[in-house]
Every structure is written in C-alpha cells, then in structure tokens.
Amino acid sequence: MAALVFAALAGGAGCGSNPAAKSSSLTESGPKTTSLLISWSSDGNPLVPVCNGATQNCKNDITVLDKTTGAEVTLPITASSYTATAPNDTYAVRVNGFDGLGNSIASEYEVVPVQ
Amino acid sequence: MKRVLFLLPLIAIAPLVHVAAQTASKPTQTAPSQTEPKTRLGATLVRRTVAAPLVTANASQYTQIDFNWAYTANAPTCGTSLTNCFSGFTLTDTTLGAVIATPSTIGPTSLSYAYIPSGGVPFGTSAFSLVANGYNGSGNPMTSTPVAVSVVVNVTTLNAPTNLTGAPQ
Numbered sequence: 001m002a003a004l005v006f007a008a009l010a011g012g013a014g015c016g017s018n019p020a021a022k023s024s025s026l027t028e029s030g031p032k033t034t035s036l037l038i039s040w041s042s043d044g045n046p047l048v049p050v051c052n053g054a055t056q057n058c059k060n061d062i063t064v065l066d067k068t069t070g071a072e073v074t075l076p077i078t079a080s081s082y083t084a085t086a087p088n089d090t091y092a093v094r095v096n097g098f099d100g101l102g103n104s105i106a107s108e109y110e111v112v113p114v115q
Numbered sequence: 001m002k003r004v005l006f007l008l009p010l011i012a013i014a015p016l017v018h019v020a021a022q023t024a025s026k027p028t029q030t031a032p033s034q035t036e037p038k039t040r041l042g043a044t045l046v047r048r049t050v051a052a053p054l055v056t057a058n059a060s061q062y063t064q065i066d067f068n069w070a071y072t073a074n075a076p077t078c079g080t081s082l083t084n085c086f087s088g089f090t091l092t093d094t095t096l097g098a099v100i101a102t103p104s105t106i107g108p109t110s111l112s113y114a115y116i117p118s119g120g121v122p123f124g125t126s127a128f129s130l131v132a133n134g135y136n137g138s139g140n141p142m143t144s145t146p147v148a149v150s151v152v153v154n155v156t157t158l159n160a161p162t163n164l165t166g167a168p169q
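Protein chains in written order, with this note's numbering: chain A, 1 to 115; chain B, 1 to 169.
Read the hints as simulated data drawn from the structure, not as lab findings. The structure displayed is predicted, hence computed values, not measured ones. There may be inaccurate statements among the hints.
[What the hints assert, rightly or not] Listed next, with one range per pair, are the computed distances between beta-carbon atoms:
1) A:V111 to B:G107: 53 to 63 Å
2) B:A114 to A:N52: 26 to 36 Å
3) A:L75 to B:G119: 23 to 33 Å
Think of the CB as a built atom: it goes at the ideal place given N, C-alpha and C, for glycine as much as any other residue.
Model the full structure from these sequences, guided by the hints.
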C-alpha cells in the first residue's frame, strides 16, 4: 500500500503533486529544436515579372544564405519558405534577377529574425 | 538606392526603375501634300497612384504615357467633305503593332494624347509612332511620314523579401 501511494505522488498525480518537481521533469524531456522554418510573405517585388527564361527586367530566384557556414541554397522565386536544418545558425535571404541590360542584380541580404 | 533617370522633354521620378525616352524619326514612308508631325514628339510617364492601384504583376508602377507634339498643317481641317483636308492623327504602338488612337480620338487640333495602357506600362522598351491623316483631292486617305518616340522602363534594383521570419521547429 505504501508503495502504491509513493508511486502516485512520484508521477505527479493527485492534489499533492510537487510543482517544482513537475517543472524540472519538463525541462529535461522537452522537445529539441531541430530546424528553423524561414518564411516570408512576399518576394518584395510585386511589379517585376518573373523571368521564366528571360534575362531582362525580371526576378529570377531567391537565395538563402547560411551566414554561419557560408552555404547558399537557391529557391524558385515563387517559394515562400525554407526549412533550415541548422537552427542555431544565422540566415539571410535575398532576391535575384536581371536589370534592363541583362545584368544580374540582387536585393540586399535580409537577415532572418528568429522568433 | 532607388533612382530614376528620364531623358527627354518631360520628367518622371520613381523608385525601382530606370526610365528613358528618346525620339527618332525619318522613316522612308512619304505622303504627298500631308505634312508630318514635328519631330518633337515627346512622351511622359505617369506614375501609379493610390487611386490607380496595381493592375497586373508584369507592369511597372507607371500607368499612363502622355504624348505631346507640334504640328503645322498644310491643309484645312476636314469638314463634311473629305477632300483636300487634314483629319487628325494616328498613334500606334509599334512594339505591339497596335493602333492606339485614330483621328476620331486625336482630332486635327490635338497636340497631345494621354495613353493608359491596359494593365499599366510594361517593363522594357515600348516604341510609338504618330502620323498625320488626311484626304487628297480625290478623297483618298493620305498619311504623313511617321515620327517616333520610345519609352523605356527598366528594373534597376530589387527589394528583399518582406515579412521575413524564422521559427524554430
């Protein structure tokens, strides 16, 4: 009987559970951050046409830069999110395209603010 | 970072695009006894306003092109009889091969025309020509040598994505 009561208390059941002990248990077994979901609402250039093979006056793709490692990922201009696998790294995003002379142009890198 | 350069009679200022307009003329087409519009054909870009919001995604922030020119007619304005007279002007988008306006819209006393392209002014080069129209003594239509103007709207900068956030998963 005494063993049953002890087991119930240790599991946090009943009115007599210890809040401090419960909090400690959650910290130890809480979910670990394994990725960073980077998202944006617009590519920022609604008036500029998508290149679709053209090389003048258009927006072409999006670059996600891992500023910690220097690695880059290129996404379609239509993308609106990217899941990074190194959540503790610092990321930045930019838009790439072409000007009226066919020169490659890009926006400034926008650093991703982590929530 | 955002800037604009507009070369020709009139000026427009806007972010994101490079704008230039230029005139060139003297094609070979001739039309006896119908003088051409003076080569001072100009075009001005008019910016999009809050009241005239974005129409299509492929157009620039310009919604209107204002044309203006000079002209000295060498025939009287047409009346009820369409002979030996000057009836007005025809404006054509030579890039698209489309007639924008005819003498029924641009009459003989007009020296300007405000063109509002459907969907807005596109990026890139848009070329236009203007001719004077009239009728000879037999009542046959005549046109003058065309004068031309081009409007260029170029992308010069791009913006970064907006509302960028990172959410740990």
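Are there hints from earlier that the structure breaks, and if so, what are their numbers? Every hint satisfied by this model.
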